[in-house]
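Model the placement of chain B on the given structure of chain A, informed by the hints.
Sequences listed follow chains A and B, in order.
Letter by letter, the first sequence follows residues 1 to 181 in this note's numbering.
Letter by letter, the second sequence follows residues 1 to 234 in this note's numbering.
Some hints here could point you the wrong way.
[What the hints assert, rightly or not] Some chain B residues close to chain A (C-beta under 8 Å, calculated; not the full set): (1) 162; (2) 163; (3) 164; (4) 216; (5) 220; (6) 227; (7) 231; (8) 232; (9) 233.
Just so you know, these hints were derived from the structure itself, not from any lab.
Please read all numbers here as calculations on a predicted model, not as lab measurements.
Beta carbons are placed, not taken as given, at the ideal position from N, Cα and C, and that holds for glycine.
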Amino acid sequence: MSNSLVILDRDGVINYDSDSYIKSPDEWQAIPGSIEAIARLSRAGKIICVATNQSGLARGLFDEITLANIHAYMSHLVEEAGGQIDAIFFCPHGPDDGCHCRKPETGMLEQIKSEFGLELKGSYFVGDSEKDIDAALTCDCQPILVRTGNGRLTEQNLDSDKKQKVLITDTLNSAAEIILG
Amino acid sequence: MLIIFALRSLLFYLGFYSSLLIYACLCLIIGPFLTLPQRYPFFLCWNHFVVFWLKFSCGIRVKINGRENIPNEAIVIVSNHQSPWETIYLYIVFNPVSAILKRELLSIPFFGWALSLLKPIAIDRKRKFRARNQLLQQGKEKLSSGISVLIFPEGTRVSPGVHKPYQTGGSALAIEEGVKILPVAHDAGHYWPSGKFLKKPGTIRLVIGQALDSQGREVRELNQEIEQWIRQAL
Chain A
1 MSNSLVILDR DGVINYDSDS YIKSPDEWQA IPGSIEAIAR LSRAGKIICV ATNQSGLARG
61 LFDEITLANI HAYMSHLVEE AGGQIDAIFF CPHGPDDGCH CRKPETGMLE QIKSEFGLEL
121 KGSYFVGDSE KDIDAALTCD CQPILVRTGN GRLTEQNLDS DKKQKVLITD TLNSAAEIIL
181 G
Chain B
1 MLIIFALRSL LFYLGFYSSL LIYACLCLII GPFLTLPQRY PFFLCWNHFV VFWLKFSCGI
61 RVKINGRENI PNEAIVIVSN HQSPWETIYL YIVFNPVSAI LKRELLSIPF FGWALSLLKP
121 IAIDRKRKFR ARNQLLQQGK EKLSSGISVL IFPEGTRVSP GVHKPYQTGG SALAIEEGVK
181 ILPVAHDAGH YWPSGKFLKK PGTIRLVIGQ ALDSQGREVR ELNQEIEQWI RQAL
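For reference, chain A alone in the conformation it holds in the complex (with noise of 0.2 Å):
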């Protein structure tokens, strides 16, 4: 697969996950290995995407600043790995909203295919729940599912048929192996 852009869910992905949300850049911790991979593939010209689910917005647990010194945060730490992220696009609604944009619905992904002019289709989705493997499938991405966050647990409820369309592996680490071939 050549195409350049990479999309890839945050929490459970590139940070820790939590139950009770993340609420502040101090709760922000990445997972090991996920920044150097974020880079690496930055580095090796792909287009670096987040699309992640955001309700805490929704249910007022942060505001939109907060959420944006987050993404400054984590960028910051992509860069000084030597890498960059192109865009991270977010949801701020919540599960009963009826909004487009939440996982498994795929607003954010068209907003990323009209914001870069890229292909979805043969782009490689990195996620750790179902709502993101079913995202990307509607969109012809190629899903690949981390063992990180939700992920051992998504793998396990997986049923056979979307199994096959899978690509499983442990962490964003080992991910960007696969996406670098």
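Then chain B, alone, in the frame of chain A:
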């Protein structure tokens, strides 16, 4: 209501593109005979016209806060980027100023050719490391000839629901040249959204922050202060 908005936007674009074509031709004919400092006031007549036309056709006004914060010297200006509006309006507010833009813009017929006569800092975005050097080198030349440098650190226009990392080039330039850096924030995207036909009447808020001394600052830390200020200003 929607029909009225659509008609007003249509009126705007008719005036926008026809004036652009005519005035760009005028600039291309007369511009080469003017020195760079003479070109600025002449070329900017079009920007003034667009501001007037936007108010007339779409009912979009502007309210500026902090105009007194603009130092009387060449500086680096850092702004968020939501709409074509700021690329037109900030030229007026900070005149004379040279914006950093992507090279492709200069090859747009008429508009890009006229823009080239203002000698903007055109960078090749596809080659990231070269782009930074171009910015630092050409930015230095502008600043030392008394022209401020305007930069949109998010690189491209940013829609709601997207965060783009703030690039550090503007902060690095200010520190290296020892000039002040001025953060600017606005909400033009609410009224003139990028890539959308319809415009919404209302008043764009433009907030000009305090100029920060860059001497002795660290690039990353200065850049974060600027980013935080811009995000919180509105």
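Hints, one by one, checked against the model:
{"no.": "1", "hint": "162", "verdict": "5 Å, holds"}
{"no.": "2", "hint": "163", "verdict": "4 Å, holds"}
{"no.": "3", "hint": "164", "verdict": "5 Å, holds"}
{"no.": "4", "hint": "216", "verdict": "21 Å, violated"}
{"no.": "5", "hint": "220", "verdict": "7 Å, holds"}
{"no.": "6", "hint": "227", "verdict": "6 Å, holds"}
{"no.": "7", "hint": "231", "verdict": "5 Å, holds"}
{"no.": "8", "hint": "232", "verdict": "6 Å, holds"}
{"no.": "9", "hint": "233", "verdict": "10 Å, violated"}
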